[in-house]
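Visitor: So you can see what is in the structure, the chains are spelled out below.
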Amino acid sequence: MEEDKSKQNQKKETKPKEKPDKDVGKLVESGKTLTAEEKQALRKQKKEEQKLAKLAKVSQKQENAPEEEQKEDKKEKKQKQQQKKEEKKAPHISVIDSQKQNLTNIQHALAAPKVEREDIKEGDGELQSQNSLKTPSTHSKRSRGPSFYQQNLPGSEAKEELQKVGSIKEIALFSRLANFKELSGLKEKYHYLHPKILDLGLRIINEQYTSSNTRCIAMIQALKHFISDFTVPENKSLNRELEEELNKIIQFWQECRPFSTGLENAMRLIKEFVSQLNTKLTPTKQKSMINYKLNYIIQDKIIEADQSIIKKAMELFSDQEEELILILGGVQLLQMIFQEAKENNKRFKVVVADTSPDFEGREMVKRLSNLGIKCIYTMISGVNFLIHKVTKVFIGASSVLSNGAVVAKIGTSIITCMAARHQKPVVVFSETYKFSDKVNLDAINNNEIGDPQKLANNQKACQHGQGTQRSALGDWQKSKSLVLLNLKYDLTPCQNINMIICEFGRIPAISVPVVIRESQRENEENQENILDELDS
Amino acid sequence: MSSARLSRVDDLVEKIKRRQISSSHEYALLTSKIFKDLIEQSKWADARQLFIQARKIGKKLIVADKMNFTIGNVVKRVYHIIREECKALKISLKEQNPIRMDSLKSITLRGARTNIDNMENSLDQIVEEDDEVEDLNNPSPNISTIKSNRQSQLNLGNSESKRGSAQNLIQNINSQLKNSLIQSINLMRDDIESVHETIEDQAREHIHSNDVILTYGRSTILNSFFKEAANEIFFEVLVCESAPSYLGHQTAKELSSYNISTTLIPDSSVYALMSRVDKVIISTHSIMANGGLVTHSGAYIICQAAKEHSVPVYVIGASYKMTPLYPFDFLTFNELLSPQEIFTLEENDVKENIEVIVPAYDYVPPEFISLYITNMGGQTPKYIYRVFTEFYSQDDIYDLDDENENEDVDQINTQ
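Each protein sequence line maps, in turn, to chains A and B.
Per the numbering used here, the very first residue in the first sequence carries number 14; after that it's consecutive.
Per the numbering used here, the very first residue in the second sequence carries number 3; after that it's consecutive.
For the record, the hints were derived by calculation from the structure and aren't laboratory data.
Small disclaimer: the values here were computed from a predicted structure and weren't measured.
Be a bit skeptical, because a hint or two may be false.
Going by beta-carbon spacing under 7 Å, a handful of chain B positions derived as facing chain A [stated by the list, open to error]:
no.: 1; residue: I172
no.: 2; residue: N174
no.: 3; residue: I175
no.: 4; residue: E243
no.: 5; residue: H251
no.: 6; residue: T265
no.: 7; residue: P268
no.: 8; residue: S270
no.: 9; residue: V272
no.: 10; residue: V358
no.: 11; residue: A362
no.: 12; residue: G379
no.: 13; residue: T382
Quick list of in silico lysine-lysine cross-link-like pairs, DSS-like style, CA-CA up to 27 Å [what the hints assert, rightly or not]:
no.: 14; chain 1: B; residue 1: K353; chain 2: A; residue 2: K355
no.: 15; chain 1: A; residue 1: K467; chain 2: B; residue 2: K255
no.: 16; chain 1: B; residue 1: K45; chain 2: B; residue 2: K89
no.: 17; chain 1: A; residue 1: K405; chain 2: B; residue 2: K281
no.: 18; chain 1: B; residue 1: K255; chain 2: A; residue 2: K493
no.: 19; chain 1: A; residue 1: K501; chain 2: B; residue 2: K255
no.: 20; chain 1: A; residue 1: K491; chain 2: B; residue 2: K229
no.: 21; chain 1: A; residue 1: K493; chain 2: B; residue 2: K229
no.: 22; chain 1: B; residue 1: K45; chain 2: A; residue 2: K359
no.: 23; chain 1: B; residue 1: K353; chain 2: A; residue 2: K387
no.: 24; chain 1: A; residue 1: K362; chain 2: B; residue 2: K353
no.: 25; chain 1: A; residue 1: K493; chain 2: B; residue 2: K281
no.: 26; chain 1: B; residue 1: K89; chain 2: A; residue 2: K402
Using C-beta positions, here's what the derived DEER-type ranges look like [what the hints assert, rightly or not]:
no.: 27; chain 1: A; residue 1: E201; chain 2: B; residue 2: M69; range: 28 to 36 Å
no.: 28; chain 1: A; residue 1: I316; chain 2: B; residue 2: S25; range: 50 to 58 Å
no.: 29; chain 1: B; residue 1: M69; chain 2: A; residue 2: G487; range: 42 to 50 Å
All residues carry an ideal CB built from backbone N, CA and C; glycine is no exception.
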């Protein structure tokens, strides 16, 4: 094992930047098993190294001093953590020398993600975790320049604001819903995870992935990185260990933002696959099988499915007359459909209904208009003004329940209700991986609460007060009896939906259970196929 | 017509045009004040002249903002009051001294046309609907009336002794009319002033303990309604943001300051939360004659969701919001707001592909509404047209848009 490590180290030393995150998961773990004394020793050695590296010494010491204080406070905590860890896992008692080498590499590997995390949690004393050992040098080396990660995190300011908000009040009426949670401390809790995983988690918090398809793909990509970097402790079976890790990762992601049904399904598929792996195979073989499966999910369940849905959607556009299609907010799949329809010279116009506080529709209108598609933009309260002219209503589903109800963006149900009253056809688009065997009758039982501050931050509402009443809700946190509720999803009952289009074809909302059964069977077959394919 | 009053009218017209006042209660009071002053202070020779003056002011006010129904409603109520008082006065005059009237008639027969004749005519013209409509459509008789009126006034100087008694009688009638008019207008003003109290008093009847109530927009009357109920019982209020005005934010803030448990929700969550709502209580811009509402945008989706979940919808509306007009769809009475309210174009946007529609008002059909809470108690939408007959005369409802009438009034003034 030591040999392995030193080999890897050599590799890294030659190409530290190209493979920054390789083996970090493991390294962090090994870092964990250090005792306090070892750490102290390490730190001293580190300082020497730093001096050798001729870094700005003064600033280092300044940074180091307070850190050490914090460290001492944390010692107890860490020891506890370590004990737990040691109970769980066979302790890697590795030679300090190699560890030291590792650590310097970790510095490189973790530098960027660390920086970004610190940006987010400024002034957070608890920042210093296991990795704090290496921070001083990384700070002086890298953090000052704009890093790749920083550029990719436009929402980090929002996150900061979010944390200032303080505790979120409970909503008595809807207490059964998961309350909007503060997200501080997440990073400390899950610091041992792979940096790609952590990175994605933070991006999710910052709402970079609004569409559940992109979120799913991003998660699977991150998992691919993680799995390829994952090393199995000796005498342990890969799938057991991996399953445990996967559970942790999923838990972390779910804390970042609750999973939609589609994601749940996808993750379940992956977990099932991992647990059913043939343990007799070599770890590399198993990994390649998992990789195959992950690729299969992205390709087959999402990309191919979308393509076939788009193809089927083309049949909905009438050739005789111009269609006026009503949609709500920004939905990626619908955008793709409209793009395709435009390329096929279909005549249509899109009514984009929008709603506060996210105003996704504005972006949608801009993108569609840039594609040359004529758009009408209105708020959800203005839909009734246009509904009599609308010819079809398109809905992008977040998930489809087995009683035929469709979970989608908040506001969907009222639009479909209006459409049904005016006898306008409502068409739902959904990949089958979003079909769920759950049943729900109203939107309150299973929903997600967004950041309530967004409602208060609404710019138009602030302007309206004109000086005196500027931002009427500026201090809503102080008022005991005022609560802001920002629901994310909506449940549209089965009777308001005329058709669901999935990759299996066009189905009425009632026959969702059939599709679920079919796709489950298909999955099982597929599972066997992959196993056979790779076994042979 | 005194210039001071004219300027006050113009002032109000200006305010209406700029929409400086948000509360329709205030509009109602201001409008009624103008008519009160008109009756009290201005010099009018007979009822007809008064009516013409009133119409002129009324028209000015209504045209200022056709969607501000409150003003039109108050104006039409004033017309109705003038008509009713004239009718009552004529009846009472005939009852009191039929002989004297007869004798007056005999006097008038001698002269070509006298004041008394005109007086009676003017009462008649206002009271008798058919006559009046005819008159309004044919300006000539009116003008001749006024002309003869003036001639007779000139004649009066010559033969004062003869017609002294007649002159007295005219003054008598005029002051009688003035008194009764002032009384009725004051009654109406009291009625308007007290709407808040009378509606608040009903709060306890309609809000029960632990109710979950959904509302939207902003209304002083609704806020005091909730405040009144919150004194005694606990209930929760969900307030819709009401985009694009976001007045719901202010409502939420105010309600929470009364210690009412308030939750602010975006408009889109209405349907999702409706299954937990016990009743919808909203205020309105106007109550229409068919029992429906023309009100600020956002009400329709709420009422639709309520209907879907069989949640009762209560509408709070003072009597001055009852508008004797019939809407049939969204387009009958509506206007579009500036797109800037919700959307800002950026430089690289393809402008010709984007259309932004922001309707200001919603039409809610009567079948969506369970009950009106007015200052005359609870009313059902089916039956609310009955209330309208108490307030408005049939003739005043539509003829305001009549172009002929406008000319007619102008011609009268030039002479």
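Visitor: Are the hints correct? Go through all of them and say.
Guide: Status of each hint after checking the structure:
| no. | hint | verdict |
| --- | --- | --- |
| 1 | I172 | violated (54 Å) |
| 2 | N174 | violated (54 Å) |
| 3 | I175 | violated (53 Å) |
| 4 | E243 | holds (6 Å) |
| 5 | H251 | holds (4 Å) |
| 6 | T265 | holds (5 Å) |
| 7 | P268 | holds (5 Å) |
| 8 | S270 | holds (3 Å) |
| 9 | V272 | holds (6 Å) |
| 10 | V358 | holds (5 Å) |
| 11 | A362 | violated (10 Å) |
| 12 | G379 | violated (31 Å) |
| 13 | T382 | violated (22 Å) |
| 14 | B/K353 with A/K355 | holds (18 Å) |
| 15 | A/K467 with B/K255 | holds (16 Å) |
| 16 | B/K45 with B/K89 | holds (21 Å) |
| 17 | A/K405 with B/K281 | violated (32 Å) |
| 18 | B/K255 with A/K493 | holds (11 Å) |
| 19 | A/K501 with B/K255 | holds (23 Å) |
| 20 | A/K491 with B/K229 | holds (20 Å) |
| 21 | A/K493 with B/K229 | holds (16 Å) |
| 22 | B/K45 with A/K359 | violated (71 Å) |
| 23 | B/K353 with A/K387 | holds (10 Å) |
| 24 | A/K362 with B/K353 | holds (15 Å) |
| 25 | A/K493 with B/K281 | holds (23 Å) |
| 26 | B/K89 with A/K402 | violated (50 Å) |
| 27 | A/E201 with B/M69: 28 to 36 Å | violated (58 Å) |
| 28 | A/I316 with B/S25: 50 to 58 Å | holds (57 Å) |
| 29 | B/M69 with A/G487: 42 to 50 Å | violated (32 Å) |
Hints 1, 2, 3, 11, 12, 13, 17, 22, 26, 27 and 29 from the list above are not met by this structure, while the remaining hints are.
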